[in-house]
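One line per chain: the protein sequences are A and B, in this order.
Quick note on my numbering: the first sequence kicks off at 91 and runs consecutively.
Quick note on my numbering: the second sequence kicks off at 91 and runs consecutively.
Just so you know, the hints here were simulated from the structure itself, not pulled from any lab data.
Note that the coordinates shown come from a computational prediction; the quantities given were computed from them, not determined experimentally.
Misleading hints may appear alongside valid ones.
[Claimed, not checked] Chain B regions said to be covered by chain A (calculated; three or more residues, Cβ under 8 Å): (1) 225 to 233; (2) 259 to 271; (3) 328 to 341; (4) 368 to 380; (5) 384 to 391; (6) 410 to 420.
Every residue gets a Cβ at the ideal spot worked out from N, C-alpha and C, and that includes glycine.
Chain by chain, the residues:
Protein chains: 2
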Amino acid sequence: MSGGLGPTHDDITVEMVARATGRELVHDVALHRQIEQRSRVAAGRLGRPYSEFEPGVTKQATVPEGATVVGLSGTAPALIVECGACMVVTLPGPPRELQALWPAVLEVPDIRVILDRAHPAPRHVLRFYGVPESSVAAAIAAAGGEGADVTICARDFEIHVDIFEGDAGPRHAARLAHAIAQALPDYLYATTESTVEELVLASCAARGIRLATAESCTGGLIAERLTAIPGASEVFVGGVVAYADDVKAGILGVPADVLRTHGAVSAETALAMAHGARARLGVEVAVAVTGIAGPGGATDGKPVGLVFLHAVGPRGDRSAVLDVPGDRETIRRRAATAALHLCRTLVTES
Amino acid sequence: MSGGLGPTHDDITVEMVARATGRELVHDVALHRQIEQRSRVAAGRLGRPYSEFEPGVTKQATVPEGATVVGLSGTAPALIVECGACMVVTLPGPPRELQALWPAVLEVPDIRVILDRAHPAPRHVLRFYGVPESSVAAAIAAAGGEGADVTICARDFEIHVDIFEGDAGPRHAARLAHAIAQALPDYLYATTESTVEELVLASCAARGIRLATAESCTGGLIAERLTAIPGASEVFVGGVVAYADDVKAGILGVPADVLRTHGAVSAETALAMAHGARARLGVEVAVAVTGIAGPGGATDGKPVGLVFLHAVGPRGDRSAVLDVPGDRETIRRRAATAALHLCRTLVTES
């Protein structure tokens, strides 16, 4: 979105396209009128004089000669410039604006022919959790997937396998996916691109379970990931970020002697946090995380990367202890992922 | 990090470099021994047989002929392949592994000469908040910055301006930065790349203030951003993600009649959440957010994007109401940024 005089990414893109296609930059009067109309509304909304917007409007309405205006998102246009056998589509950078204009781009004659050539190959996805990448790689090799169109990617304890229908065809890909899945049934958690937070929310919703979180080292990351999903409020009632010991004790009711005897980073504190969250937030399932994200905070016997997880549900508890190598961001991200998977198994398997 | 048989990004990169530089792929026995040693430790830690790791080790030790091994991060090597006047450096993709190996790369003879040629231009940064992009663009133009090496980028209500020392030289850039800053003194919040969460934590720390959050629609995002900063625990004691009304009432003490009369998304609820968090978490400053992130949840007079913010400190309160266009992710991100800026001004200006 560019409303300014300074060069923005949009301006630079339009200039580059003009140069690359050998066109002059011209002022499109009809486009100007459209953008002006919207800018006047925005100016009113912001309580600013329209004159401040005028130079930005002129800039947005300056396009390579012969460009077709496909549509507007806010004040940013989507343009098409044809150049020999090529067709250049310029879109505003912000994902929301780009996505809003995409359907209009698809209406442009010939564009579908071009896009069809760039169609992504159909594929099967397998998502594993809690198994080393090397074991998944071994399963791929045993299934005859070596050298085939199979990619494997480790992401925060999850192993993502994508099997593409390459030269060998769809039947081979399906057979391969089946064989790999069969080899590691205990670790396979999805055959779609659903994230673990989506799966947790869906599993809880299907069972009428409400969920709460109690986070120390992850600092709100688990709650943030859950609430990023539209409709999370049907399942997730809230959480406590209990960073200081006083908050663990005061808000979650972790007994002072547990904190004193075992420390804030301990299996006992994780358990008390989860049970406290469950009782005080009035839910069926609660998950708690406490650990040392670093770089400071390590003590004798409690190194950076040590994380305790605890989940409690109507039919029992599950806990885990992690020893995560890496920096603060990695430790927090992996601890959050592990907590969500602990929740998932508690809800779906008990 | 590749420990597998399936093709990973590392494998693909190494293969591509071999092909591009016209080298054969060869098995490096010395490298194999190094990686094997580390993999045996990892296997022990994971309680898996080393044999599962062996094929991965062989793969990691397979490199373009004549490649120099610069170092290892985990089991992933950094390699240098020379090709005529070019020098190709391959590094593992995960940022942590890449960063760990970078110092070793800098020790390679001639590499500094190559990097010096790619040195980024020195620049001044100006960070504004709470002013339209068009006003900042107008200030840039008035200062004579149009056409100069000035970029402007709007990011969640923040306007980031970078002034590069281009052809006009360092004195011109400094003069330009000064003039732009002078034009909008009330909106300038940083002349460094510090994020607002870093500034909030530093301002609180300097004043001996402790901080808490109370979040509804942002779902933990503010707490997450604060706790992503190492040392946050010196200032931030914790927060409550109060998604359901029961949690707003039970944990934060929002009066039932406030929720009933004004609704969960209201200035009154935001105020009660902030005051509740301040009292119950025992801090000097608390900030609260409640709003409608969408896509559902809109009611008559309360559209998606309506967000109420409230911050309370020892010397008074500040509040704001936002009307954020955009999708769920944008609304949450902008609401969190606005809440952090509200906190910043409360702490630094009162």
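Going through the hints against the structure:
no. : hint       : in the structure
1   : 225 to 233 : holds (count 6)
2   : 259 to 271 : violated (count 0)
3   : 328 to 341 : holds (count 11)
4   : 368 to 380 : holds (count 3)
5   : 384 to 391 : holds (count 4)
6   : 410 to 420 : holds (count 7)
This entry does not satisfy hint 2, going by the numbered hints stated previously; all others are met.
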